[in-house]
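In my numbering, the protein residues as written are 1 to 836.
Hints listed in this document are in silico derivations from the structure and should not be mistaken for laboratory results. Quick caveat: nothing in here was measured; it's all calculated off a predicted structure. In this text, a Cβ means the ideal position worked out from N, Cα and C, and glycines have one as well. A couple of the hints might just be wrong.
[Claimed, not checked] With a straight-line cut-off of 30 Å between C-alpha atoms, the simulated DSS-like cross-links for lysine-lysine are:
id : residue 1 : residue 2
1  : K499      : K679
2  : K588      : K479
3  : K283      : K71
4  : K614      : K588
5  : K679      : K501
6  : K283      : K258
7  : K499      : K614
8  : K588      : K499
9  : K501      : K620
10 : K151      : K258
11 : K501      : K283
12 : K588      : K501
13 : K614      : K283
14 : K588      : K620
15 : K71       : K151
[What the hints assert, rightly or not] Label-pair restraints from in silico Cβ distances:
id : residue 1 : residue 2 : range
16 : I189      : P160      : 52 to 60 Å
17 : R129      : P697      : 45 to 53 Å
18 : L811      : R300      : 32 to 40 Å
19 : R167      : R622      : 31 to 39 Å
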Amino acid sequence: MLSSSAPDNPYLAVFPRKLIFLLLELWSACCLAARRLARAPGFSLVIIAVLSAGIGSNTIVFWLVHAVLLKPLPYPAASGLLHLTTFERSRFGGAGCLSYAHLLALQGVGPDLADVAGYANETFNQIGRNGPIQREAARVSANFFRVLGIKPLVGRSFTPAEDTAGRAAVVMLGERFWRRNFAGDPHMIGQQINLDSRLYTVVGVLPPNFQFGLLGSRIDIWTPSVTETSIVTPQQVQTGACYLNAVARLTPSISLHKAQTAFAIRRSRFLREYPQYSDADPKRSLEAIPLAEKLVGNYRPFCLVLAGTVALFLLISCANVACLLLARATNRLKQFSIQVALGATRGRVILDSLLDSLLLSVAGGLLGLLITAVGRGAISRLILQALPNVHNLEIGHDGAFLLLALSISAVTALLCSVIPVLHLFGGDLDRKLREAGRGAIGVSRHQRIRTVLVVGQISVTIPLLVGCGLLARSFLQLKKQNLGFQPQSVLTTSISLPKTKYASPEQIFQFFDQALTGIRSLPGAENAALSSALPLNATRLAHVLAEGEQSAPVAARRLAAVQSVSPSYSQLLRIPLVQGRFFAPSDKRGTLQVAVINQTFANEFFHSDNPLGKHLWLGKGRIPWQVVGIIGDVKNAGLSTPAQPEVDVPFAQLPWSNMNLLLRTRILNGLSLVGPVRKQIFRQDREQSITDAQMLPELVGESLTQSRLSMNVLAIFSALAFLLAATGIYGVVSYDAVKRKQEFGIRIALGATRRQLVGRVLRHGLGIAALGIAIGLAGALAVTRLMVHLLFQVSTYDVWAFLLGPLLLMLIASAASLFPALQTTRLEPAGILRTE
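Throw the hints in and build the complete structure from the sequences for me.
See below:
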């Protein structure tokens, strides 16, 4: 039988009752707050919308910045990975490459210091039941996956014996490619696939989502033996062709500085042993930097500016919401005074006001999280289009993201809810309520804090407007660049011929010559041409010695872009001829080697001399090339980089197996010719395919992707911040005008004109805007310095950007102040004084 005696500690019996009572009272207060907000749907929806936009955008962007800049690479112990290449800041963006001998020298630093692996892009034609398909592939050292710390999903990795030319051909497959083409069959291990008319044995399958960003995002096939790549011939490998890059893993006890010193020593030895090699240029240094820095270092300014933009927008949103909540709480002071008179406690009054703010903040936060969950994938894909090297940075659904979202929501709710309550109810609350009860509450005390909040909004909006102006000016400068060619109606595709079938220059020339003849006859085709590189991208560089220069070792000569093109190339792209002639069909193998140079090459190598008839020596070649023409500069190193020295040579005299086919069309939809072009190539060789079909204007547009995205993102948030700032000005001026009705009625009764009242209200609004603009311009002078790497031919102190944004905001401030000012002209003094 249970005892009915009272517990020993009486607090145990009282405490649950008090807790239940408090919870019920809190629930009742929340319900009342929800009903109050429902009676003001416009006010509530505006606050929820502003908060959700600020919270959602910040969560998405901060999560993206974390994934790109802060999250470790998806490799074990990724902090110990380095990227190795040669580097020179002066030409072609600085990036260089390594020869095979240079790679071997770097691998000789010793296993106690680092493990070094080389890699290069490759292309294969896979022969299957549905015909040939060109696949993106990679040539890697046998230790490549060991260096990255990647273990196969199925099968094994490469062995050192398979890293030697002439050994059995083996491949590893990407997991996506394996499942899509072989249904994820584990018995594919040991089976063979036909690549470039050669059978390769499948030895392993890589883990899901594995990518190596510096090789691109479409690598399906991995194979060892970096000396057999289609980019260079075995003879070129033995004579020092530069085509590799390297990745290294440091042992845990080795510092970055010590490793860089060891690599520098090995490079010095390489320079002494192979001074004639193309990557033995003493002007170039060996770059050994963390792999993460190589992948995302160039995008750091973009990510930081993006994060700063949304953070400023969140501050503006919080200030706007706080201003609205403060105005609502001020209007309810008379109601609070009645509650106190009826016996309500100080805590209950504060709780009522706080709950209104908290409920709105929580609703805005929840909607912001919903926006984030729905739009995260689409927005991340859009932004990552501008970051081509970070495809391997997986952005997944994890607890850290949820924690970030909740943290942003909580901080925002705190800022928007607590600050107005502390200001309104801090100090002598009884005195404030008595004044409210008598109708004596003035505008000065609470109006000042609202004015400060609006000034803050404007001062934060100005850097956004100035930054948007700078990016817009930079984007327009990029678009105005003279490309040097006409890309309209030009279709481009890539063709890679396997060396197993096309080993001699004559075979390569014959294939492409027949292909051009057949493609020119296609309906809708106007002209066709070949080039080893597409405009905006100088893929092949060579050391050049010009006639009249002092002889120097090959590695010490200046670099220039070298292109192999068909005679119709300049005509198809409509590149202007400055002097001399273009190539002719008679410029064939076995005849005089001729070359066409661009204007920049002529200026830098020949200065004021006439280049026509002069001779050039390319790389290690001993037979000179005679200059027969000068063409206008074509953008060959990107839109934002001046044209680099370039030498074009006839394809017939220097045929390469990897070429680009360009087709100028007479029809609007040039991509409709991809099928006929593919069929023409298939009729010529049933084991050959094409890839990378796109219109040339799209290729030019891709060069503007990051600049366009930066401008659009900043423009969107600037427009939203601009709207909030204008709304804030209108709210403060309008509220001030309403609260000063009695004052204005008295002024009119004493003889003040309505024009004077309008001027007084306008001056108030414009004064707020002017103060915010002045503070904002000072902040913009400091903030825009961070954008220097995102601008092209535009100063961070550009006068137009610093004038147009503030001027536009001042005009909107005038419009926002004008409506409340005009309302004062309708005041009737007698009615106002009688009401008050």
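Do the hints match the structure? See the list:
Between K499 and K679 the alpha-carbon distance is near 22 Å, which keeps this suggested pair within the 30 Å criterion. Distance hint between K588 and K479 is unfulfilled; the C-alpha atoms sit about 38 Å from each other, more than 30 Å. Using a Cα cut-off of 30 Å, the hinted pair K283 and K71 is violated, with the two alpha carbons roughly 35 Å apart. Pair hint K614 plus K588 holds up; C-alpha atoms about 19 Å apart against a cutoff of 30 Å.
Between the alpha carbons of K679 and K501 the distance comes to roughly 19 Å, so the proposed pair stays at or under 30 Å and holds. At most 30 Å may separate the alpha-carbon atoms for a hinted pair to count; K283 and K258 meet this at roughly 22 Å. Only pairs whose Cα atoms come within 30 Å are accepted, and K499 paired with K614 is rejected, the gap being roughly 34 Å. Simply put, K588 and K499 have alpha-carbon atoms about 22 Å apart, close enough for the 30 Å limit, and the pair holds.
For the hint pairing K501 with K620, the CA-to-CA distance comes to about 27 Å; that is within 30 Å, so the pair holds. The hinted pair formed by K151 and K258 meets the criterion: a straight-line CA distance of about 28 Å does not exceed 30 Å. At roughly 39 Å between alpha-carbon atoms, K501 and K283 are farther apart than 30 Å, so this suggested pair is violated. Proximity of K588 to K501 is assessed by CA-CA distance (about 22 Å); at most 30 Å being required, the pair is judged to hold.
This hinted pair checks out: K614 and K283 have alpha carbons roughly 26 Å apart, not beyond 30 Å. A C-alpha spacing of about 21 Å is found between K588 and K620, which places the hinted pair at or below 30 Å, so the restraint holds. A C-alpha spacing of about 21 Å is found between K71 and K151, which places the hinted pair at or below 30 Å, so the restraint holds. A beta carbon spacing of about 20 Å between I189 and P160 contradicts the range 52 to 60 Å that was offered as a hint.
Separated by about 35 Å at the C-beta atoms, R129 and P697 break the suggested range of 45 to 53 Å. The hinted range of 32 to 40 Å is satisfied by L811 and R300, whose Cβ atoms lie roughly 36 Å apart. A C-beta distance of roughly 34 Å is found between R167 and R622, which places it inside the suggested range of 31 to 39 Å.
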